[in-house]
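From first to last, the protein sequence lines are chains A and B. Using this note's numbering, the final residue of the first sequence is 627, and nothing's skipped along the way. Using this note's numbering, the final residue of the second sequence is 333, and nothing's skipped along the way.
Take the hints with a grain of salt, since some may be wrong.
To be verified - Each pair of labels, with its calculated beta carbon distance range: (1) G388/A <-> D332/B: 28 to 38 Å; (2) G102/B <-> Q579/A: 51 to 61 Å; (3) K371/A <-> H101/B: 10 to 20 Å; (4) R620/A <-> F165/B: 26 to 36 Å; (5) R620/A <-> A313/B: 26 to 36 Å; (6) G424/A <-> R289/B: 27 to 37 Å; (7) S416/A <-> D96/B: 50 to 60 Å.
Unchecked claim - Partial list, computed: chain B residues near chain A (C-beta under 7 Å): (8) R62; (9) A63; (10) E185; (11) E186; (12) Q189; (13) Y237; (14) A261; (15) G268.
Since the hints were made in silico from the structure, they are not lab data. Virtual Cβ for every residue (Gly too), placed ideally from N, Cα, C.
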Amino acid sequence: MSVTDWFSQRERRRYTRTGGGQGRPGPSEVADGIWVQCPGCKRALLERELAEKVRVCSGCGHHFAMTPTERIASLVDDGTFTEIDASLTPRDPLGFVAVKSYAESLSAAREKSGANEAVLTGRAAIAGAGVVLGVMDFRFIGASMGSVVGERVTRAFELATEERLPAVMVTASGGARMQEGMLSLMQMAKTSAAVRRHSDAGLPYLSILTNPTYGGVTASFAVLADVIFAEPGAMIGFAGPRLVEQTIRQKLPKGFQTSESMLKHGMIDRIVARTELRDTVALMLSYLTPRAGGGAGV
Amino acid sequence: MTRRHVMEFERPLFALEDKLDELRRLDTAENPELTAEIEALALELVRLRAATYEHLDPWARVQIARHPDRPKTEHYVGALFDDVVEVHGDRTFGDDEAIFAGFGTLAGGRRVAVLGHRKGVDTKSNIRRNFGSPHPEGYRKAMRVMRLADKFGLPLVTFLDTAGAYPGIEAEERGQALAIAESLSLLSGLRVPVICVGIGEGGSGGALAIGFGDRLIMLENAYYSVISPEMCSNILYKDPAQASTAAACLKLTAGELVELGIADEVIPEPTGGAHRDSVPVITAVGVAVERALADLDGIAPEGLVQTRYERLRAIGEYDS
Chain A
330 MSVTDWFSQR ERRRYTRTGG GQGRPGPSEV ADGIWVQCPG CKRALLEREL AEKVRVCSGC
390 GHHFAMTPTE RIASLVDDGT FTEIDASLTP RDPLGFVAVK SYAESLSAAR EKSGANEAVL
450 TGRAAIAGAG VVLGVMDFRF IGASMGSVVG ERVTRAFELA TEERLPAVMV TASGGARMQE
510 GMLSLMQMAK TSAAVRRHSD AGLPYLSILT NPTYGGVTAS FAVLADVIFA EPGAMIGFAG
570 PRLVEQTIRQ KLPKGFQTSE SMLKHGMIDR IVARTELRDT VALMLSYLTP RAGGGAGV
Chain B
14 MTRRHVMEFE RPLFALEDKL DELRRLDTAE NPELTAEIEA LALELVRLRA ATYEHLDPWA
74 RVQIARHPDR PKTEHYVGAL FDDVVEVHGD RTFGDDEAIF AGFGTLAGGR RVAVLGHRKG
134 VDTKSNIRRN FGSPHPEGYR KAMRVMRLAD KFGLPLVTFL DTAGAYPGIE AEERGQALAI
194 AESLSLLSGL RVPVICVGIG EGGSGGALAI GFGDRLIMLE NAYYSVISPE MCSNILYKDP
254 AQASTAAACL KLTAGELVEL GIADEVIPEP TGGAHRDSVP VITAVGVAVE RALADLDGIA
314 PEGLVQTRYE RLRAIGEYDS
């Protein structure tokens with residue numbers, strides 16, 4: 330089975346009936362007619378319409394979470410995404426057993442997300458230009474970074490370096506995957522090293538931080554991009570807000586760790602609404618073309 | 014003997030010691046039956062001491078790693094290096110005393126750059142040094158020294174001892190995540206040998222920012238973990254009190270990290286921990302650092318970077 334077949338088969342498992350092209354499911358019977366309340370403006374939205382409008386509330390612009398499939402469909406040229414490294418799957422290297430064993434968490438995550446890990450990586454085209462793309466899946470153990478996420482991201486950057494392609498990462502994560510202990514923490518160093526090699530080759534990397542991006546993912550490949558975009562209202566940080574609140578024993582300022590606050594503090598380049606994302610990414614990347622002769626220079 | 018700090022697992026032992034001390038202060042001439050009791054208790058104490066320290070569980074080791082009297086970065090720097098020059102400031106915001114940064118000369122004559130998390134030795138210095146939890150400016154100071162090490166071909170030696178990067182409002186707003194990420198990127202590309210020594214706490218990303226390189230040497234009771242046992246317990250059990258179980262799950266001890274292929278070497282500590290007798294521990298660290306540097310002698314700068322990358326590349330377990 331080719332990766333694309335495998336990919337679309339996996340998607341079919343999640344939707345009772347698929348319409349549209351490969352990797353881009355149409356509205357399903359199950360989802361049809363379901364109403365969703367917008368946490369931003371409390372309006373009731375029709376699920377089918379929400380799906381058509383890249384999951385952005387037509388009332389207040391609230392950005393709902395997206396599945397990687399929806400993200401890919403909204404960001405890259407139709408039918409251009411081909412997954413790589415889909416066969417890499419997690420082990421339980423520590424034999425982690427607490428209330429729930431890691432093995433149980435993994436199978437619950439597979440069930441819930443239909444995915445086999447917390448990031449999808451592959452080749453794609455955005456406005457006709459080839460990129461290597463990574464999209465994280467928060468439904469899979471909070472898109473925490475264990476060995477597989479670290480390895481897939483690292484291989485994505487290695488592929489991009491080898492083929493001299495830009496890298497685009499759409500991040501969301503609760504941080505490191507504690508069930509893999511130090512093997513998980515070291516993925517921060519591994520992915521950062523791979524990003525550096527890509528950068529040293531004079532190649533562009535653009536990251537898109539989505540809600541929520543925290544911990545070991547923020548403190549490694551997510552913020553090492555040449556240009557950092559964030560979706561409106563996304564929560565972004567190193568330490569989680571509850572930990573900060575407990576540590577300082579004060580109420581947190583309004584808007585703390587939102588993309589808007591990150592922008593104000595100079596930590597990201599732009600807040601880009603999802604409806605504008607594809608065009609803005611394409612335009613930005615068009616400025617970041619590798620110079621003749623290569624190399625990172627200054 | 015005054016004891017400043019009693020660790021949880023030592024409590025029964027110290028209670029028995031106190032009781033024995035009390036009995037010994039009584040007049041045995043007046044109470045001859047005491048002699049037999051004292052002898053019995055003394056025997057019991059020997060047995061209990063052996064039982065307490067013989068098989069330390071991971072949680073006990075975490076407590077030892079946090080012991081306030083445990084030798085700190087400044088003790089290692091003071092004992093192992095001559096002609097130390099400390100440097101200050103990130104040139105952008107301020108000087109973070111939670112990070113030591115500077116240069117020194119090892120006994121064998123090697124001149125190196127030195128970084129370390131710096132916990133305080135008393136309340137006053139702990140407050141100044143934020144209990145060894147750096148802000149972004151601490152990592153940015155560390156990065157300055159990394160760049161200098163690369164520029165002038167000085168090997169880098171780092172000492173790890175932090176509960177973690179500081180989770181505060183200003184730390185977040187000044188880019189704690191960015192500072193750590195940039196530090197990781199920089200470390201991965203340094204064209205000089207990088208030797209890391211886990212001397213106490215290895216708290217997550219805050220430790221990792223100066224905590225990987227060409228060798229990782231761990232003291233027997235130092236730990237290095239993706240998350241603190243308390244926070245892990247909080248997530249797993251909604252209760253920080255299960256930290257002992259969490260500590261065992263996380264495989265965070267020096268010995269376990271060697272098994273996982275993350276640490277290279279464990280330096281033994283005296284019974285009870287390095288705070289009981291720090292001189293031989295500090296000396297052994299010096300010997301291990303010199304040996305690690307000698308191992309890396311003659312490797313070309315590009316070779317060091319490539320080997321370090323391959324070392325990182327090998328970390329992670331998955332099916333393919």
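List in ascending order the numbers of the hints, as given earlier, that are violated by the structure. Checked against the structure, the hints that fail are numbers 1, 2, 3, 8, 9, 14 and 15, while the rest are satisfied.
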